[in-house]
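For the protein sequence lines, the chains are A and B, in the order given. When you number the first sequence by full-length UniProt numbering, it's gap-free, plus one each residue, and the end is 289. When you number the second sequence by full-length UniProt numbering, it's gap-free, plus one each residue, and the end is 289.
Relax, there's no trap hidden among the hints.
Looking from chain A toward chain B, a few residues come up when the C-beta cut is under 8 Å (computed):
(1) Arg190
(2) Leu260
(3) Met282
Hints were generated in silico from the structure; no laboratory data involved. From the three backbone atoms N, C-alpha and C, an ideal C-beta is built for every residue, glycine too.
Number of protein chains: 2
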Amino acid sequence: MTDFDTRKDKTAHWFRTLRDQICKEFEALEREAPDALYPGEAGKFEYEDWQRKVENGGGGTGGMLRGRLFEKCGVHISVVKGEFTPEMAARTPGADKDPRFWAAGISLIAHQRNPRIPAVHMNTRYIVTTQDWFGGGGDLTPTQAIDRHQDAPDALAFHAGMKAACDKHNVADYEHYKNWCDEYFYLKHRDEPRGTGGIFYDRLNSGNFEEDFAFTQDVGRHFLKTYSAIVRGRIHEPWTEEEREEQLITRGRYVEFNLLWDRGTTFGLKTGGNVKTILSSMPPVVKWP
Amino acid sequence: MTDFDTRKDKTAHWFRTLRDQICKEFEALEREAPDALYPGEAGKFEYEDWQRKVENGGGGTGGMLRGRLFEKCGVHISVVKGEFTPEMAARTPGADKDPRFWAAGISLIAHQRNPRIPAVHMNTRYIVTTQDWFGGGGDLTPTQAIDRHQDAPDALAFHAGMKAACDKHNVADYEHYKNWCDEYFYLKHRDEPRGTGGIFYDRLNSGNFEEDFAFTQDVGRHFLKTYSAIVRGRIHEPWTEEEREEQLITRGRYVEFNLLWDRGTTFGLKTGGNVKTILSSMPPVVKWP
Chain A
1 MTDFDTRKDK
11 TAHWFRTLRD
21 QICKEFEALE
31 REAPDALYPG
41 EAGKFEYEDW
51 QRKVENGGGG
61 TGGMLRGRLF
71 EKCGVHISVV
81 KGEFTPEMAA
91 RTPGADKDPR
101 FWAAGISLIA
111 HQRNPRIPAV
121 HMNTRYIVTT
131 QDWFGGGGDL
141 TPTQAIDRHQ
151 DAPDALAFHA
161 GMKAACDKHN
171 VADYEHYKNW
181 CDEYFYLKHR
191 DEPRGTGGIF
201 YDRLNSGNFE
211 EDFAFTQDVG
221 RHFLKTYSAI
231 VRGRIHEPWT
241 EEEREEQLIT
251 RGRYVEFNLL
261 WDRGTTFGLK
271 TGGNVKTILS
281 SMPPVVKWP
Chain B
1 MTDFDTRKDK
11 TAHWFRTLRD
21 QICKEFEALE
31 REAPDALYPG
41 EAGKFEYEDW
51 QRKVENGGGG
61 TGGMLRGRLF
71 EKCGVHISVV
81 KGEFTPEMAA
91 RTPGADKDPR
101 FWAAGISLIA
111 HQRNPRIPAV
121 HMNTRYIVTT
131 QDWFGGGGDL
141 TPTQAIDRHQ
151 DAPDALAFHA
161 GMKAACDKHN
171 VADYEHYKNW
181 CDEYFYLKHR
191 DEPRGTGGIF
201 YDRLNSGNFE
211 EDFAFTQDVG
221 RHFLKTYSAI
231 VRGRIHEPWT
241 EEEREEQLIT
251 RGRYVEFNLL
261 WDRGTTFGLK
271 TGGNVKTILS
281 SMPPVVKWP
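Isolated chain A, as found in the complex (with noise of 0.2 Å):
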């Protein structure tokens, strides 16, 4: 046990690290977005503690940027640990033989206000019961139909990026996670990807827990970088009424995955988890027409 203490603490502190890096460069495009396109004060994160209701249960910090550019985007880590319930511990692995867990993570959702910038999600954990292992991903979400296919210059982007990613690590079979991001982010009910995609893992223990962890920690590196660079590469592009309209009907795609398909969301929502954390998620805006 000792082995995964050292490595709880490293993994948190990571997690901890990635946030500062990412709020950080996210505060830095807040500046640099042009006034003539969107006008007012650059935004800054604003953070808020929150503790599970559970007697020792740890907790997490909610970020949150609503800005001129990032119209709302949530950074939020968290370190907990507790008892699965036994239905849950029934379904994870190494829980049968002891409910207790512990997990740490990042989940970041960033919805822009230009139309012409995508959309995107990211989050990375680290779960320990008498097993350990890694899961997350990244996926952008473009919101304009011609933006919304593979050979789309920002989706080329963000597959390249995280494609390199798996590609400095044996441990991550990048086609595999690449399809399972696919498969996930997908409304069954319109027989539609949320997306573009992106990559998608959990449970990867490879018996490697150094491997592991670096592929875990490129993941968030790519994805900052990448993300960072398809935000620079539009954020000079005006936009119509007409574009800012499909996008606010896109984002109601969003919120129907997220309330419908979404284990982690679903879950969350009907076993008493933190509403306002789960739903920070949630567009600004969003339409029905």
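Using the hints, position chain B against chain A.
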């Protein structure tokens, strides 16, 4: 079965008649709306027929009003038939012996532009397997905190209207139906009701078809009379930006309820129902700030 055939004709005819009455009255309200508060042309319903993809499975007519007073209002009727899946048959009265069903109904949702006028929902239906029964109800969703309690004038008026419908019929138990509504339209993840309630009933078969049908008809009539009076009582009230903002946020709760908890919506969307009709109940503009 001859008996059921007559009943099917009568109920299907009624739902269409009620639809016509409601649409006529709502279009009258559109014309009455004062130009100073509601610029533009008075809206009219647009109708679209749809067919179930199953052969000989029936279909319906969706009516949508996108107006100046009614920001988005759907009034839908349908007459469908087919065979339940074994899973559905097992939990549907009378379908265990024979999985065939026939169902007709009307459903309505109105989202108002004026945040001081409550949103509303109503639906009634008649279902036939080897047994037959009625179900439905109506409930009010004021968008302003000041109106979202049981003693608010609109809530009192709506409850009085639903009670009057029940009180005319021995087969209806108002207190039971009111509580049933409160239990059903509840956002468990937020521990708050969707609105101020109304009535909800299901599997009503008292043994007296004519009485059950007469009650169901009165639910529709009293709904129309009561809600129209609420709208007329508020139609001249101007509103502030802050009230509009509160309305758009309250609508988010509506979306959360429909996609997370509403059995009709989630069942329909997860079993290949008509997405366009099912999601026509979504509010036109919503905020999660």
